[in-house]
Amino acid sequence: MGEPGTKEVLDLQDLQVSGGIHTGRRHILSILVENKPGVLARVAGLFARRAFNIQTLAVGPTDDPTISRITLTLDGAMHPIDQVTKQLHKLINVIKIRDLEPSDTVARELALFKIAADADARAQVMQFTDIFRGKVIDVSKRSMTVEVTGTDDKIEAFEQMIRPFGLIEMVRTGEIAVSRGRSAT
Amino acid sequence: MRAVDAIIESLKAEGVEAVFGIPGGANLPTYDALYDGGIRHVLCRHEQGAGHAAEGYAKASGRVGVALATSGPGATNLVTPIADAMLDSVPTVFLTGQVRTELIGTDGFQEADTTGITMPIVKHSIMIQDPREIPRAIHEAFHIARTGRPGPVLVDVPQDLSRADIQYEPVDGVSLPGYRPTTEGNVKQIRLAAKALANARRPVIYAGGGVVNANAAKELTDLCTSDRFPVTCTVMGLGAFPAPHDQWLGMLGMHGTRSANYAMDEADLIVAIGARFDDRITGKLSEFAPRAKFIHIDVDPAEISKNVPAHIPIVGDAKSILPKLTREYRALETDGSRLDGWWERIRGWRDKHPLGYEDSDDAEIKPQYMVEAMYEATNGDAIVTSDVGQHQMWCAQYYHFTKPRRWINSGGLGTMGFGLPSALGAQIGQPDDTVVCLAGDGSLQMTSQELATCVTEKIPVKVFIMNNGYLGMVRQWQELFWDGRYSGVDMGTSPDWVKLAEAYGAVGMRATQKGELVDQMKAALEADGPVVLDVQVSKEENCYPMIPAGQAARDMVG
Ligand SMILES: Cc1ncc(C[n+]2csc(CCOP(=O)(O)OP(=O)(O)O)c2C)c(N)n1
Ligand SMILES: [Mg+2]
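Protein sequence lines correspond, in order, to chains A and B.
In this text, residue positions in the first sequence follow my numbering: the first is 48, and each later residue adds one.
In this text, residue positions in the second sequence follow my numbering: the first is 598, and each later residue adds one.
Since the hints were made in silico from the structure, they are not lab data.
By construction, the Cβ of each residue, glycine as well, lies at the ideal position given by its N, Cα and C atoms.
There could be a bad hint or two in this list.
Unchecked claim - Here are the simulated distance ranges between beta carbons:
(1) 188(A) to 730(B): 34 to 42 Å
(2) 928(B) to 82(A): 48 to 56 Å
(3) 102(A) to 635(B): 40 to 48 Å
(4) 959(B) to 65(A): 41 to 49 Å
(5) 935(B) to 84(A): 52 to 60 Å
(6) 85(A) to 1074(B): 27 to 35 Å
(7) 88(A) to 730(B): 38 to 46 Å
(8) 769(B) to 228(A): 23 to 31 Å
(9) 778(B) to 146(A): 14 to 22 Å
(10) 839(B) to 92(A): 36 to 44 Å
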């Protein structure tokens, strides 16, 4: 391929396309936005318009009160992620977007499970909860509520374990994430 | 001062000299400030008209167009021009009144969620929360509307806040941490592009409205003529390259020339500049330019590789990138003779398939002839606006635009009724130019009330109606693709356009004889005020050539 500054020309056959590619993996987008009314609606609207399905979404304040962080996860097998991030960048209130590399990221989610466990099942559920380093946060005659934090894999594994007891409901926050190492996400 | 007086001061600080709009309860305070505020207000007859007028003003002059509307129905009437400005990247600011803050969210009288309704069709919008924000909000709205990829910005002002007493200080500088458009273009990528061009044997330069927006027509021409690169433009790009030129292939796309579409089909390298590979250009995407590699230059990174994956993406302003590309290309001192074979092939198409039509041998006015007559009567030097339909495509084909900002039409949204209001806006933006609106008899009935605006405000636009008695473009599709079952396309009894013009206080004229048309047009152009010329053309002429929707360039018909 021709180097800059030389008169060598470029063989068109050597050119590769850039962009529009399906990565095939799950992506965690960490988006810093101005803390202003309507910003979440703008972000969500972009996904809705193109029928991009958001898997999880978490919004909260940052250390700077004028800035909020939106963390959302998407399936890169379904959608060309670069198209999403480029569209997001066009929103005036979006300050920064990181498409977090899974190997370079710590992500956590909190889930609450309300389980139909009577007195007989209670000991077993508590055992699972221990193994998953969860916490029992409420108990009634015929139910227990357990809190578990972790990656989405861990939460899904716990869900599998306790389903046979009768899962009354499950509430998940959606993942939040930071990059590993010293630099800010 | 009152917040509304600060609005007027802010507009003046942005260089605004005219605004288009209609008052109502929620923007009454703004209108009070306009009364002696020193900005020309053009009262339109429908907010859609005001919005398109702002677009016409912006497209003709390159300055930001401004439209005003009240809350609720005033704002919802602006939805079409806002969407139009979004799709054609027109720098515009829409100032809407909103109900008082305590009524917001209560379904109060004339309340509509204006920022919500318009969210997907604006470049940016803001609802004022605190009257002290107003000067900054307006300054930033103008900044966003005209920089980067231009577009519509909406500022929604609750009525009570607009009456507040605030300190006005001119704002300079913006605080938009998330908005930093790239303008310069990566030097390495530009070099790469020059090298690719130097090796291309069948290159085509494909330019769109972005070149016009960037005021880069000269820079485009320099690049194209730095060698014998064949050039084509989209319907939005016409005028960016002077049409009567050896290297000009004509417009491309659905109603483009065969030479342009075949050249794209066989190209080995396509340089897209400020163009977005819209479906009216590509036809069937999987068969579009199958042999080509793509250099894509655009100020909006989200356009690059959106429809067609680019091999050499270059993000930035065409005005800054094109001269660098030309310089890099010249420095390579390549042998132009490598393009000989390509030109031979293109000339073959040109000779075999010139753009043409069968003219009448009697007094009948063929629609294509009407455009040629317009070209002759105006010396090819008018600002021409159009509506949407067959007449628009014929105008794009037969009015050979040589300069940018002379061809004003609704390309992206395809909005019928765009022609007349955009013409009046264009005339206010460019008072010394001749402005002609080539109207469709169907389209004009969507916004003909703006004739009243033209007469009242003494805006001397000339409206030439291509009157075929049909929603012609739809009729054509029904004839070609729906077994000739004409459903809902016959206009029945249209108004008597001459009388209608006269009813508004404009001059009305009618043309029925080919031999008299040019003279009648000249007479209309010489008349003082607005003129409506009803030109009765052949009713069932079809616009050719044509790539049927969803098909490939090779499948052109007609
Ligand atoms: C607002 C709007 N409604 C409907 C259409 C669909 N449409 C496209 S072209 C056309 C016919 C336009 O008729 P006319 O203005 O007479 O132009 P002609 O094609 O006859 O030249 C119609 C109905 C449109 N583009 N815009
Ligand atoms: Mg018609």
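Starting from the hint list further up, note which numbers the structure goes against and sort them upward. 1, 3, 4, 6, 7, 8
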